[in-house]
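**Student:** Since chain A is already given, all that's left is putting chain B on it; use the hints.
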Amino acid sequence: MGTSIKLDGSSKKQVLGAACIFMGLAHIMYLKQYLKGVVLAAFELIFIILSPTIYENIRKLFALNGNLANPSRVRLIDGLFYIIIVAIFLVAYYLSIRNALDSYVECCLDGRLKSQKESMSGIAGKAFPIFGLAPAFILIVFFVVLPLLFSMLAAFTSYSNKDMIRFKWVGFKNFADMFGGNASWTESFAGVAIWTVIWGLMATVTCYLGGMILATVLYGAKLKAVPVFRSILILPYAIPSLLTVSVWTFILKSSDIGIINKTLISLHIIDANSTIQFLSGSNSMARVMCILVNMWVGIPYFMLLITGQMTAISADVYEAASIDGASKFQVFKSITLPLVVYQTAPLIIMSFTHNINNFGAVYYLTGGGPNTNAATSAGGTDIFISWIYKISTDQGNYYMGSVLAIFVFAVLAPFAIWNFTRTKSFKEGEL
Amino acid sequence: MGGNMKNKSWVTAVYVVVLVIASIVTIYPLLYTISIAFSPGEEYNIGVVPFTQKVTETSFNENGKLQMRVATKFGFSTRHFQELFEYDGYLDWIKNTFIVAIGVVLITICVCTLTAYVFSRFKFPMKKGMMLTILILQIFPTFIGMQAVYEIVVRVGGYNHLWALVLIYGSGNVPYNTWLIKSYLDTIPMSLDEAARIDGANHFKIFGTIIMPMLKPMIVFLGITSFTGPWVDFIYPKLILKPDNTTLGPGLLQLLGTGSTESHFTLFAAGALLVAVPFILVFIFGQSAMVTGLGAGAVKE
Numbered sequence: 001m002g003t004s005i006k007l008d009g010s011s012k013k014q015v016l017g018a019a020c021i022f023m024g025l026a027h028i029m030y031l032k033q034y035l036k037g038v039v040l041a042a043f044e045l046i047f048i049i050l051s052p053t054i055y056e057n058i059r060k061l062f063a064l065n066g067n068l069a070n071p072s073r074v075r076l077i078d079g080l081f082y083i084i085i086v087a088i089f090l091v092a093y094y095l096s097i098r099n100a101l102d103s104y105v106e107c108c109l110d111g112r113l114k115s116q117k118e119s120m121s122g123i124a125g126k127a128f129p130i131f132g133l134a135p136a137f138i139l140i141v142f143f144v145v146l147p148l149l150f151s152m153l154a155a156f157t158s159y160s161n162k163d164m165i166r167f168k169w170v171g172f173k174n175f176a177d178m179f180g181g182n183a184s185w186t187e188s189f190a191g192v193a194i195w196t197v198i199w200g201l202m203a204t205v206t207c208y209l210g211g212m213i214l215a216t217v218l219y220g221a222k223l224k225a226v227p228v229f230r231s232i233l234i235l236p237y238a239i240p241s242l243l244t245v246s247v248w249t250f251i252l253k254s255s256d257i258g259i260i261n262k263t264l265i266s267l268h269i270i271d272a273n274s275t276i277q278f279l280s281g282s283n284s285m286a287r288v289m290c291i292l293v294n295m296w297v298g299i300p301y302f303m304l305l306i307t308g309q310m311t312a313i314s315a316d317v318y319e320a321a322s323i324d325g326a327s328k329f330q331v332f333k334s335i336t337l338p339l340v341v342y343q344t345a346p347l348i349i350m351s352f353t354h355n356i357n358n359f360g361a362v363y364y365l366t367g368g369g370p371n372t373n374a375a376t377s378a379g380g381t382d383i384f385i386s387w388i389y390k391i392s393t394d395q396g397n398y399y400m401g402s403v404l405a406i407f408v409f410a411v412l413a414p415f416a417i418w419n420f421t422r423t424k425s426f427k428e429g430e431l
Numbered sequence: 001m002g003g004n005m006k007n008k009s010w011v012t013a014v015y016v017v018v019l020v021i022a023s024i025v026t027i028y029p030l031l032y033t034i035s036i037a038f039s040p041g042e043e044y045n046i047g048v049v050p051f052t053q054k055v056t057e058t059s060f061n062e063n064g065k066l067q068m069r070v071a072t073k074f075g076f077s078t079r080h081f082q083e084l085f086e087y088d089g090y091l092d093w094i095k096n097t098f099i100v101a102i103g104v105v106l107i108t109i110c111v112c113t114l115t116a117y118v119f120s121r122f123k124f125p126m127k128k129g130m131m132l133t134i135l136i137l138q139i140f141p142t143f144i145g146m147q148a149v150y151e152i153v154v155r156v157g158g159y160n161h162l163w164a165l166v167l168i169y170g171s172g173n174v175p176y177n178t179w180l181i182k183s184y185l186d187t188i189p190m191s192l193d194e195a196a197r198i199d200g201a202n203h204f205k206i207f208g209t210i211i212m213p214m215l216k217p218m219i220v221f222l223g224i225t226s227f228t229g230p231w232v233d234f235i236y237p238k239l240i241l242k243p244d245n246t247t248l249g250p251g252l253l254q255l256l257g258t259g260s261t262e263s264h265f266t267l268f269a270a271g272a273l274l275v276a277v278p279f280i281l282v283f284i285f286g287q288s289a290m291v292t293g294l295g296a297g298a299v300k301e
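Protein chains in written order, with this note's numbering: chain A, 1 to 431; chain B, 1 to 301.
Don't read these hints as lab results, they were simulated from the structure. Nothing here was measured: the structure is a model prediction, and the numbers come from that model. A couple of the hints might just be wrong.
[To be verified] Lysine-lysine pairs mimicking DSSO-like chemistry, simulated, CA-CA at most 30 Å apart:
1. K12(A) x K114(A)
2. K126(A) x K54(B)
3. K32(A) x K12(A)
4. K8(B) x K333(A)
5. K123(B) x K205(B)
6. K328(A) x K8(B)
7. K222(A) x K328(A)
8. K114(A) x K126(A)
9. K205(B) x K216(B)
10. K205(B) x K114(A)
11. K123(B) x K12(A)
12. K123(B) x K32(A)
13. K13(A) x K8(B)
14. K242(B) x K162(A)
[As the list claims (entries may be wrong)] Not close to chain B: a few residues of chain A, all C-beta gaps over 12 Å, as computed:
15. F47
16. A176
17. Q277
18. N358
[What the hints assert, rightly or not] Footprint (simulated), chain A over chain B, 3 or more residues, beta carbon under 8 Å:
19. 18 to 31
20. 165 to 171
21. 230 to 244
22. 271 to 282
We put the CB at the ideal spot given by N, CA and C, even for glycine.
The following block holds chain A by itself, in its conformation from the complex (with noise of 0.2 Å):
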């Protein structure tokens, strides 16, 4: 191909035309670069063989009228994966037509087109991170994008456990129904939403404090014994929560069997038949007790981080307090605790967005009860991540679980892009 243009900068509209018209012409054309060019190509002659299957699946994901032999729940999987497909190949054109753009602009800058030899080097180099990213890339498409775009369409739908094959397309009738529509489903969710926010502000505040608290005693302590307390204080960390929360249900169960009854009963504090319901009673008794446990389980966490923020902590700056004279308390009010607060307190809200997501720790004590609404499956102690597993596995709802799953997913999401906006290499505009 003989085709030539000019260097100067003025074949920019000839470049960008054939890049374009087809992946990779601009590549063959213009810039000689024939093996990357060969290779786009293919990947567009693919794609082009396979639309009939991509348009094939899509038009059913939007249909969604399945039976027996091609159900639904396929065709909402498969429809999603082929619309993946078509975005991967929409941002890879994209790709190569700026790709086409910068090989140009490059080789106007030094006035001749690259050699073979050149641009295949360069390809090894900016392959890299094509390769480098393409393990987790498809592990994430697969396993975590896949399924919850599954699960955010399934709201729109009548998904059940009852209705695998058949089920349709309803609109905003579930999120109608959950917000409004239905007094049952709108009575759990006020309840549930409003104690999912009391509880994760009150287990992030109560496990930093905590936290707090045993950091600065292990770090201002000087006994020997600092090392063994610390070990000890550490185990619940170090103990996965499932074990430990469940010996906590076994603690403080209602019956003589719970250890607190068993003790208070033989201490004649209690009489045996008046037990206390720590679990099993009011609502109020039951999110106490999640509160107090997963204090019990995320206390050392914090404790864990603020030692190693306490101890990282200049030396200097220690030295420079006590030549001026300050006092222990002084140093520790006006330099440890500034430093450590400030340093810790994005984690503050990390560990916010974790609680409220903290399924293990109210579904392994209660299993979200007690008083648990029949219609809807939502405990007295239900945060909405074990309210979203308890409708979908005990109920089989799967659909009301997904308006639930998007509405949390709303919420959240802003945390997590105010979290990255404050990061070094966003502020640094590195990336």
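**Tutor:** Frame of chain A; chain B shown alone:
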């Protein structure tokens, strides 16, 4: 704090009191679990004081009449551990979980470090969008989409296979840990890898010989945290493994009993103890790596 500053004695006393109380609260439930695991009787016989249990003694009094009284006695036995090992499936749970955990560790370490390396050291289009996506994805437990995960696993022929579980857990680990490793790598100056690049090393070589060794504490951290997950999850094994070929999480919960099945808390305690002890040892020896890892998680200004 500065070595020349000594605590007043009452301050030390307060510290000691706080530490002792916190330690007792921390250790009591654990101690109790141990005592239940080693108790000779069943859970309803457990005494109030750890390692004691109520026993009913029968004897004849002076008049030759049969007498029964309930006494609290010290007791110790390993019979629940024996029962546990004879329990149908227990050893399989351990074996399955171990295989899965090793797989997850390998996937997590390889994929996360490589991805983080690319994000930290390369410039490419749409990097910002990808980082943001990763950050948003990591706030969700992956089980929100579990129906779809089930479908996908069945489609790729992974139902009732351990490798499906490895892929699911591995993928779930990628977003958060990639972000973590990237933050850590960002703090390491690029001068070393640039020097190697000038010397003609390719990216794979730089990654393998320069980046990986520098990431050692983070790799320990990743290893510990990703090894943990499979031992305690019950959601996915329940979803994609048959009950007779499951992992430890659903197995132990099976011992706790659901509404319809009998509860064997003594067996659960013994099983939990056997799992917890290795975890505790790893954490005690890996404490410094844990602090490093948690510190890197604190994306600093």
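**Student:** None of the hints should be skipped; say for each whether it holds.
**Tutor:** Here is how each hint holds up against the structure:
1. K12(A) x K114(A): It holds: about 17 Å lies between the C-alpha atoms, which stays within 30 Å.
2. K126(A) x K54(B): 73 Å, violated
3. K32(A) x K12(A): Holds: K32(A) and K12(A) sit about 15 Å apart, inside 30 Å.
4. K8(B) x K333(A): Given that 30 Å is the threshold and the Cα spacing comes to 17 Å, the pair holds.
5. K123(B) x K205(B): Answer holds: K123(B) to K205(B) is near 19 Å, not above 30 Å.
6. K328(A) x K8(B): 10 Å, holds
7. K222(A) x K328(A): Measuring from Cα to Cα gives roughly 13 Å; hence the hint holds.
8. K114(A) x K126(A): Within the cut-off at roughly 15 Å; holds.
9. K205(B) x K216(B): 16 Å, holds
10. K205(B) x K114(A): Status holds; Cα separation ~26 Å.
11. K123(B) x K12(A): 24 Å, holds
12. K123(B) x K32(A): 24 Å, holds
13. K13(A) x K8(B): It is violated: about 80 Å lies between the C-alpha atoms, which goes past 30 Å.
14. K242(B) x K162(A): Holds. K242(B) to K162(A) sits at ~21 Å (cutoff 30 Å).
15. F47: About 19 Å separates F47(A) from the closest Cβ of chain B, which puts it past 12 Å; holds.
16. A176: Consistent with the label, A176(A) stays out of reach of chain B, its closest Cβ about 21 Å off (over 12 Å).
17. Q277: About 18 Å separates Q277(A) from the closest Cβ of chain B, which puts it past 12 Å; holds.
18. N358: 9 Å, violated
19. 18 to 31: It holds: at least three residues are needed, and the region 18 to 31 of chain B offers 9 whose Cβ sits within less than 8 Å of chain A.
20. 165 to 171: Held - the region 165 to 171 of chain B has 4 residues with a Cβ nearer than 8 Å to chain A, which meets the minimum of three.
21. 230 to 244: It holds: at least three residues are needed, and the region 230 to 244 of chain B offers 5 whose Cβ sits within less than 8 Å of chain A.
22. 271 to 282: Our answer is that it holds, as 6 residues pass the Cβ test (under 8 Å) against chain A, meeting three.
Hint compliance for this structure: hints 2, 13 and 18 are not met, and every other hint is.
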